[in-house]
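Chemist: The lines below spell out each chain.
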Amino acid sequence: EAGVAQSPRYKIIEKRQSVAFWCNPISGHATLYWYQQILGQGPKLLIQFQNNGVVDDSQLPKDRFSAERLKGVDSTLKIQPAKLEDSAVYLCASSLQGNEQFFGPGTRLTVL
Amino acid sequence: GIQVEQSPPDLILQEGANSTLRCNFSDSVNNLQWFHQNPWGQLINLFYIPSGTKQNGRLSATTVATERYSLLYISSSQTTDSGVYFCAVRGGYQKVTFGTGTKLQVIP
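Protein sequences, first through last, are from chains A and B. Using the working numbering, the letters of the first sequence map in sequence onto residues 1199 to 1310. Using the working numbering, the letters of the second sequence map in sequence onto residues 880 to 987.
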């Protein structure tokens, strides 16, 4: 069974530029999560989808971050414009119905 | 939201030693997982354990939901056990919250 796929694995941009991350969950998993992990901290949930609907986005900085999961399968997370403090690893996870989560390898973002 | 604290924050072990990692949470939970984040950053599932006890090889975990804590036991530690261990919880319809992590270093 294929795991959670993410791309790109690494991205370096300058502040005020835009960036997008892609995630393809495990086949059949209805719940998809995006997390931000800053160096030395635990992952912080940004947004949770159930199929193509948003369950929780209370910690998503909506002035610059957006996410979509239009067909209830893969998802895109966008940052526009990026700030220095957005440098982090962005992790995607999926679960069958909101229970056990499985994580992808992450995208390491550096904002210069 | 739920507060999650892990202890100890750092742990250095000699290869072959045993250890116990603790996860305390501030409210009732219906979902608890333990993860190992390896030095390359990958989060690896160890246990899905909202209650009870589970074992997998040298690792075992116990969650006492009524007393709001979970324990992860590592026996006969190996250098490949090095990394950061996280617990993650969710209560009711609340969002998933990760703990502060325990950084483990196993030396030969």
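Derived by calculation from the structure, the hints in this document are not laboratory data. Take these hints with a grain of salt, some might be off.
Unchecked claim - The list that follows gives simulated cross-link-like pairs (lysine-lysine, DSS-like), each with its CA atoms no further than 27 Å apart: (1) B:Lys974 x A:Lys1242; (2) B:Lys982 x B:Lys933; (3) A:Lys1209 x A:Lys1242; (4) A:Lys1213 x A:Lys1242; (5) A:Lys1260 x B:Lys933; (6) A:Lys1209 x A:Lys1281; (7) B:Lys933 x A:Lys1281; (8) B:Lys974 x A:Lys1260; (9) A:Lys1269 x A:Lys1242; (10) A:Lys1276 x B:Lys974; (11) A:Lys1269 x B:Lys974; (12) A:Lys1276 x A:Lys1209; (13) A:Lys1260 x A:Lys1209; (14) A:Lys1269 x A:Lys1213.
Bear in mind the structure is a predicted one, so any value in this text is a computation, not a measurement.
Chemist: Each hint: holds or not?
Modeler: To see whether the hints hold, each was checked on the structure:
This hinted pair checks out: Lys974 of chain B and Lys1242 of chain A have alpha carbons roughly 10 Å apart, not beyond 27 Å. Taking the CA atoms of Lys982 of chain B and Lys933 of chain B, the gap is near 22 Å; set against the 27 Å cutoff, the hint holds. The straight-line distance between the Cα atoms of Lys1209 of chain A and Lys1242 of chain A is roughly 20 Å, inside the 27 Å bound, and the hint therefore holds. A hinted pair counts as satisfied when its Cα atoms are at most 27 Å apart, and Lys1213 of chain A with Lys1242 of chain A qualifies at roughly 22 Å.
Distance restraint check for Lys1260 of chain A and Lys933 of chain B: the Cα-Cα separation of roughly 40 Å exceeds the 27 Å cut-off, and the hinted pair is therefore not satisfied. Between Lys1209 of chain A and Lys1281 of chain A the CA atoms are separated by roughly 14 Å; this keeps the pair inside 27 Å, and the hint holds. For the given pair, Lys933 of chain B sits about 43 Å from Lys1281 of chain A by alpha-carbon distance, which is inconsistent with the 27 Å threshold. Of the pairs offered as hints, the one joining Lys974 of chain B and Lys1260 of chain A holds, with about 17 Å between alpha carbons and a cut-off of 27 Å not exceeded.
Restraint check for Lys1269 of chain A and Lys1242 of chain A: the C-alpha separation of about 25 Å stays at or below 27 Å, so the hint holds. At roughly 21 Å between alpha-carbon atoms, Lys1276 of chain A and Lys974 of chain B fall within 27 Å of each other, so this suggested pair holds. About 23 Å separates the Cα atoms of Lys1269 of chain A and Lys974 of chain B, which keeps this hinted pair within 27 Å; it holds. Under the criterion of a C-alpha separation no larger than 27 Å, the hint pairing Lys1276 of chain A with Lys1209 of chain A is consistent with the structure, at around 13 Å.
For the given pair, Lys1260 of chain A sits about 21 Å from Lys1209 of chain A by alpha-carbon distance, which is consistent with the 27 Å threshold. Restraint check: the Cα-Cα separation between Lys1269 of chain A and Lys1213 of chain A comes to about 31 Å, which exceeds 27 Å; the hinted pair is violated.
Consistency with the previously given hints fails for numbers 5, 7 and 14, ordered from lowest to highest.
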